[in-house]
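Next come the chains, spelled out residue by residue.
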Amino acid sequence: MKLFLIIFFVAATVALIIAGLYQTPTASADTVGITSGSSLLAPKPDTPDRALTLFLQDMQRRNWRKAFGDVAQANGVDEQAMMQEWSGSNGSLRTFSSLEGFQLWPLHESNDDAQIRAHMRWSTPVGPVEEVRDFGMQRDGNIWKVVFSKIEVPATPAQVVPVTYLRWDLVTGGESGSWGSRNVDAPRVRIISMNAVDSAEGTVIVGEVTNEDTVPAFVNVNATLSDEDGKVLDEESSFDRIAHILLPKEVSPYRIDFPGIPLADVKNVRMDVRPALVPASADPVIGVINQKIDKDAQGNSVLRGELLNQSGETVNIPHVIASFYDGNGRVIWVSDGYIDRALVPLGSEPFAVEIPRSLAAKVQSYHVVVNHYDLKNS
Amino acid sequence: MLALALACPTAAQEVTVPRSAVAGTDVTLSTTGSGKADFYLVGPGVASKSKVSLGEEIRVPGDQLRYAGKYLAIACSATCNSGEFFVTAAQPASLAFLVHPSRVPARQPDAVSGVVLLFDKFDNLVVASETINFQVKGANETLFSRAISTHDGEAWFRTSSGKTAGAVRLMAAVGDLSAQRALQQVASEPCHLRIKAQPTAKGIEVETEPVRDCAGNPISDGTIVTFTGTDPEGKISIDAPIKGDVARAHMKDAEPVVISAACGVAMSNELRIDLKR
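Protein chains in written order, with the numbering used here: chain A, 1 to 378; chain B, 1 to 277.
One chain only, chain A, in its complex shape:
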């Protein structure tokens, strides 16, 4: 009996070790925290989705060499370019992000090629970011390889860009001096529109705020909801869904979410805008071109466009905030999105922000503002 138990446990251990060698996680979430290394006897990429899964897992682990081995070499992508595109550059949002997980949706498959849509979830300092990307797959003998299409970044020719931007500095007076001799008023800032929207997640307050003064303002908008008894239900701020620094006459959309509070429970909304004087710069000027409402791959309405950096300074993390208006000119929604690639001098980057299905039909016009975060100013 004892001998039988020993033989049984030895056999079970060997079987588990062998199974472990062949084990490759199928759900990407299982690999969180693994930064390098792989199974000794990894399964072969003998199907398109398995090949892409292996490729994305290697990219997730930043195992660039192995990932590059999964790429079809025909389209002239080198390992360095692939790595740079995946891990970001110029202090972009991507450089601070990591692939948290992904899901694959086969779109098309033939004997020699296939196309798979990857829905990727990135964890970033500004919260989770979703990315949908279509990968082409190619048969190479009895295995499949990824056609990694390199994003072409137009090379800006060497040139001198004159910097003639305006800058405001703030001089704070000392403690000395008589009463009233050192007063500088806070900027005049006004909420020019506000609308309470009932969304699936709860109440959402959207609107626009403008700087009516002649100096830059740092702005934050707060909203307090109360019920019919006057009891405060919740108080929230616009957080990052606003362009905080407003130059004179600049307008920014804002959005304040109250998850879990249906609009039917709300009787009153108290708005509060808090401006402060701040040093600011008018540079960089970022143009928003080719804006149009379109459908994305999943059939959702999106506002697409391109950001064009008109200055000679790299914009590390561009942030797009768009307000959508109905036929009466009323703001009915505000969407925002971060661009995960840096905006190089005189370069452009595409963007897309989503419009909820329930409101898409009502949208008649829109306004886009570009906020930005720069490493040297942070």
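If you are wondering where the hints come from, they were derived from the structure by calculation, not from laboratory data.
Because the structure is a prediction, the values reported are computed rather than measured.
Be careful, since some hints might not be right.
Cβ pair distances, simulated, as ranges [what the hints assert, rightly or not]:
#1 Ala-297(A) x Gln-108(B): 51 to 61 Å
#2 Lys-121(B) x Val-278(A): 31 to 41 Å
#3 Pro-232(B) x Gln-159(A): 21 to 31 Å
#4 Asn-300(A) x Val-246(B): 49 to 59 Å
#5 Val-258(B) x Pro-262(A): 41 to 51 Å
#6 Met-267(B) x His-108(A): 42 to 52 Å
#7 Met-267(B) x Pro-162(A): 22 to 32 Å
#8 Pro-162(A) x Val-258(B): 26 to 36 Å
#9 Gly-127(A) x His-151(B): 54 to 64 Å
#10 Gln-108(B) x Asn-300(A): 41 to 51 Å
#11 Glu-228(A) x Pro-109(B): 35 to 45 Å
#12 Arg-330(A) x Ser-129(B): 47 to 57 Å
In silico DSSO-like cross-links for lysine-lysine, where the CA-CA straight-line distance does not exceed 27 Å [said to hold, decoys possible]:
#13 Lys-196(B) x Lys-292(A)
#14 Lys-137(B) x Lys-196(B)
#15 Lys-235(B) x Lys-292(A)
#16 Lys-292(A) x Lys-252(B)
#17 Lys-243(B) x Lys-292(A)
#18 Lys-376(A) x Lys-196(B)
Examples of chain A residues toward chain B, derived with CB under 7 Å [as the list claims (entries may be wrong)]:
#19 Ile-192
#20 Met-194
#21 Gln-291
Ideal placement from N, C-alpha and C gives every residue a C-beta, glycine not left out.
Given chain A's structure and the hints, the job is docking chain B onto it.
What follows is chain B alone, placed relative to chain A:
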């Protein structure tokens, strides 16, 4: 203080106090009776006790009477007696001149206000009526000049802003005292925004004509002008700051495009440009 006063029944000795006194000056109180007594002085910022001889005058030094307000003098031997007197502010020694706002758009009615508060050398508010001479001067004009009497220690004025952008000096004077403040008069809302465009090798250079308010003041540098273009590819928008009275934007557009601009409440003319023609 009140409890102490009530605890002391009226006695033979009396304390006679002056009807009023001026802050910082010595005060003499007289007492009746004889023998030694404890003398208490209680008032704003002071509570002191000393030994005095009844029947003699009690001299309270000015440094114990620095703060204007009601004082209570109490003399206690076998019994206590007390008297109240008021200390008023001394001569004005400083004036606080508060001006609002620090930036004001030109040609705004009742947009500028100022208030003066008079204080003596001990920072007591001088409530006695004084005449303050106010003057508000722009670059080329006197916006306001008037003498106004203080009431309960303060005098104020309100006036309209001037026509010309620039620094405005505000002065308040009483006797030898004076204070000066400055505020910045800035352009009002833009008026008659007009744009022009010219094709360049890289696209279209669009710029405003000098942006001014209805009084002709140049709009402050840094003010955002939003250029909007509509072409078959979609919409283009560029927020460009005014610099040297003019805002400029560059559009890389080869398609026919309709360009307009807006700044605050002002809308510009519309330009239709077709580079292919």
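Going down the list of hints, with the structure as the test:
no.	hint	in the structure
1	Ala-297(A) x Gln-108(B): 51 to 61 Å	holds (54 Å)
2	Lys-121(B) x Val-278(A): 31 to 41 Å	holds (39 Å)
3	Pro-232(B) x Gln-159(A): 21 to 31 Å	holds (30 Å)
4	Asn-300(A) x Val-246(B): 49 to 59 Å	violated (41 Å)
5	Val-258(B) x Pro-262(A): 41 to 51 Å	holds (43 Å)
6	Met-267(B) x His-108(A): 42 to 52 Å	holds (49 Å)
7	Met-267(B) x Pro-162(A): 22 to 32 Å	holds (30 Å)
8	Pro-162(A) x Val-258(B): 26 to 36 Å	holds (29 Å)
9	Gly-127(A) x His-151(B): 54 to 64 Å	holds (58 Å)
10	Gln-108(B) x Asn-300(A): 41 to 51 Å	holds (48 Å)
11	Glu-228(A) x Pro-109(B): 35 to 45 Å	holds (40 Å)
12	Arg-330(A) x Ser-129(B): 47 to 57 Å	holds (55 Å)
13	Lys-196(B) x Lys-292(A)	holds (25 Å)
14	Lys-137(B) x Lys-196(B)	violated (38 Å)
15	Lys-235(B) x Lys-292(A)	holds (6 Å)
16	Lys-292(A) x Lys-252(B)	holds (17 Å)
17	Lys-243(B) x Lys-292(A)	violated (30 Å)
18	Lys-376(A) x Lys-196(B)	violated (36 Å)
19	Ile-192	violated (11 Å)
20	Met-194	violated (19 Å)
21	Gln-291	holds (4 Å)
This entry does not satisfy hints 4, 14, 17, 18, 19 and 20, going by the numbered hints stated previously.
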